[in-house]
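*Asks:* Model the full structure from these sequences, guided by the hints.
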Amino acid sequence: MIKSLIHKILGKPAAAKRTAHAPHAAHAPGHAHAAPKSGKPPRIPVGKRVDVPASEHGIDPKLVDERARKVVETLQDAGYEAYIVGGAVRDLILGHRPKDFDVATNATPEQVKGLFRRAFIIGRRFRIVHVVYGRGREHEVIEVSTFRAYLDADAAEQVAGNEKTSRKELADKSHVVDASGRVLRDNVWGPQDQDAARRDFTVNAMYYDPRTEIVVDYHGGIGDAKKRVLRMIGHPETRYREDPVRIVRVVRFAAKLGFEIEPKTREPVQEMSELLSNVPQSRLFDEMIKLLQTGHARASIEQLRKQGLDRGVFPILDAVFDEARRHPGREQFVQLALADTDRRVSEGKPVAPSFLLACLLWHDVLAHWERNVAQGEPNFPALQSATDAVFDARIGDISGRGKLATDMREIWTMQPRFERRTGNGPATLVEQPRFRAGFDFLRLRGQVGEAEPSLAIWWESFSLADATERRQMLDEVRQQGAAGGGRRGGGRSASTGNRGNAASSPVLSEDGDAEFGSDDAGAAAGEAGIGGDAPARKRRRRRRKPAGEGAARESSGGGSDGASGGTAD
Numbered sequence: 000m001i002k003s004l005i006h007k008i009l010g011k012p013a014a015a016k017r018t019a020h021a022p023h024a025a026h027a028p029g030h031a032h033a034a035p036k037s038g039k040p041p042r043i044p045v046g047k048r049v050d051v052p053a054s055e056h057g058i059d060p061k062l063v064d065e066r067a068r069k070v071v072e073t074l075q076d077a078g079y080e081a082y083i084v085g086g087a088v089r090d091l092i093l094g095h096r097p098k099d100f101d102v103a104t105n106a107t108p109e110q111v112k113g114l115f116r117r118a119f120i121i122g123r124r125f126r127i128v129h130v131v132y133g134r135g136r137e138h139e140v141i142e143v144s145t146f147r148a149y150l151d152a153d154a155a156e157q158v159a160g161n162e163k164t165s166r167k168e169l170a171d172k173s174h175v176v177d178a179s180g181r182v183l184r185d186n187v188w189g190p191q192d193q194d195a196a197r198r199d200f201t202v203n204a205m206y207y208d209p210r211t212e213i214v215v216d217y218h219g220g221i222g223d224a225k226k227r228v229l230r231m232i233g234h235p236e237t238r239y240r241e242d243p244v245r246i247v248r249v250v251r252f253a254a255k256l257g258f259e260i261e262p263k264t265r266e267p268v269q270e271m272s273e274l275l276s277n278v279p280q281s282r283l284f285d286e287m288i289k290l291l292q293t294g295h296a297r298a299s300i301e302q303l304r305k306q307g308l309d310r311g312v313f314p315i316l317d318a319v320f321d322e323a324r325r326h327p328g329r330e331q332f333v334q335l336a337l338a339d340t341d342r343r344v345s346e347g348k349p350v351a352p353s354f355l356l357a358c359l360l361w362h363d364v365l366a367h368w369e370r371n372v373a374q375g376e377p378n379f380p381a382l383q384s385a386t387d388a389v390f391d392a393r394i395g396d397i398s399g400r401g402k403l404a405t406d407m408r409e410i411w412t413m414q415p416r417f418e419r420r421t422g423n424g425p426a427t428l429v430e431q432p433r434f435r436a437g438f439d440f441l442r443l444r445g446q447v448g449e450a451e452p453s454l455a456i457w458w459e460s461f462s463l464a465d466a467t468e469r470r471q472m473l474d475e476v477r478q479q480g481a482a483g484g485g486r487r488g489g490g491r492s493a494s495t496g497n498r499g500n501a502a503s504s505p506v507l508s509e510d511g512d513a514e515f516g517s518d519d520a521g522a523a524a525g526e527a528g529i530g531g532d533a534p535a536r537k538r539r540r541r542r543r544k545p546a547g548e549g550a551a552r553e554s555s556g557g558g559s560d561g562a563s564g565g566t567a568d
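If you read the sequence shown in numbering that gives the first Met the number 0, its first letter stands for residue 0, the second for the next number, and so on.
These are calculated hints, taken from the structure and not from any lab test. If a hint is listed, it holds; no wrong ones were tucked in.
BS3-like mimics (lysine-lysine), calculated; alpha carbons at most 27 Å apart, straight line: (1) K305 with K289; (2) K305 with K225; (3) K348 with K255; (4) K255 with K225; (5) K226 with K61; (6) K61 with K348; (7) K226 with K47; (8) K98 with K225; (9) K255 with K305; (10) K263 with K305; (11) K98 with K69; (12) K61 with K98; (13) K289 with K263; (14) K289 with K225; (15) K255 with K289; (16) K289 with K348; (17) K61 with K255; (18) K98 with K112; (19) K226 with K263; (20) K289 with K98; (21) K226 with K98; (22) K226 with K289.
Here the structure is a predicted model, which means the values were calculated and not measured.
*Replies:* In C-alpha cells form, the structure reads like this:
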C-alpha cells in the first residue's frame, strides 16, 4: 500500500501483478508472464534486441521461399508480428537456400489456423500449426509457432512419470516438467525476447522479416554464424536438463554446419548424456535419423565419437560400433552405406530410413537368420524372427515400426533373388516397387566382396534393356550355367563373401523354401550340400508356376517409399 502510494506520488506505474499467461494475451508481448510458484523471477537469459539491416547481414532475398514469405505477410496484414525464424535464418546468413522454413508469430495457434485454408494444429508438448501448400509429393509445409515464454523449471508443475505414464496428469496443463527437469509441456505464450531466450543456440535464435529485410538478433547469432561457432543460450547444463535431445542437436549441428562447439557448451555433454534415457524412444529414433540423413552422416558419426557419445545412446549405432562384432567387411559396408546416403542427399535425391537401417543392421539380422535356420527353423519364419529380435534390441517400440520392418525385409529377401536369373523371375523382379533399393543394397555388397560385382552390373543392364535384349541376356546366363555346371543363374549366395568362417547362410529359393549357400571352400559342392565334407542333401522338387501366377505373386509385395523405393534416383 505504502509502496503503491510512493509510486503514485513519483509518477511511476504500479508493478503489474504476474499471472500465468493465457493464450489470448499473445498479442501483448510486453506484458509479464507466468511467475514461478516460488515468487522469484525466472532466470531468463534475455539478450538485447538488435535490428540488423540488410547491408550488414547480407541475406539474399531471392533465397527466401515464396510460400514462407506469403505466410509472414498474411499474418502481418492481419495485425500480428511474424518472422521467418530459426535454422532458415541461419542458413540464409550463411548464403544457403534453406530446406525448410519456419515462422514465429505472436498469434495463437487458433488465430493462425483461422487465417489459412489448409492449416492444422498439431503437437502436445509444443502446439504448432502446419500451413500446407500443394498436394501429394509436391506439397510444402510451413511450420508456424507462437512466441513462447521462457519459464524456469521451478515455475512448472511437476509429474513423477514421463510422457507415457503421466498422460492423465498432463491433460489440460500448459507447463509441466518431469522429475529430471525435462519439459513435457511448454505452451505458455510470451514476448519475442523470451521466445529467443528459450531457443537452444545463438545461431538458431534470429528472426527475419522478409518485408523490411531486418534481422532481429538478441544473442549475437549473426556474429557466431560468421565465426562458425555453436554456442548455447543461457546455462548449458540447465538447457540440457530442460531438453536432453539438445545433446544430440549439438552433435548434429556441429557436423552439419562444420561449426566448432563453444567450450562451455561442450563440457557437460558427455556427463549429461545419461538424461537421454528419459527421452521417448520414438523421439530419440527420429533424432538419430536426422543425424544420418541430413547429408553429413559420416561427420555426425565422427562427432559422436569425439564427444564420447558413440556408446549407449543409440542402440542401432551400438551394433555398428560393437568391437566384438566388427570385421573389415562389415566396417567397409557401413562406411559405404553412409557415404552413399551423403552423396544422394547432396545431389538432392530422396533417401529413406529403411535403406540405411537395412545396411546398418544387415549383419546383425544375418547372424540371427543363419542361427535360426541352422536350428531347423524354416527360412521365411527364420528371417521374420531374426528381424523382430534385432528390432526389439536395436529400434524398440516406435511409430511406423511395421512398415519400416516390411521395407527392410523386402530389401534383404531380394538379395538371394538377384542370383536367380532364369525364367520370368528377373523381369518380375525389376518391376517390384523396391527393386531400386534392393539393387543399391546389392551394389554395396558387391563393393565389399559379399556378392559378385558383375552381378550388380548385370542387373543394372537388365533393368535398362528392352524385351529382346533381356531375352538375349537370359540366354547367355543359361549357356554359361550349362557350360560351367555350376549353380543355376551363377553368382554366389546372398550371404557369403567376406564372412570369415561362416559355414552356411540362408538363401531363398523361388518357391520360398530354404536352401544353403556355401563359402568359397565349398563352392564346388554347389547343389550337393553344406561345404565339402557335408553329406549330400536331397533337393526338394519344385513345381513350376505359370508366368501370370508368378507375376501376380511378385507384384503383391510389401510397401515402398515411392515408385522406385527409398533410394530411387
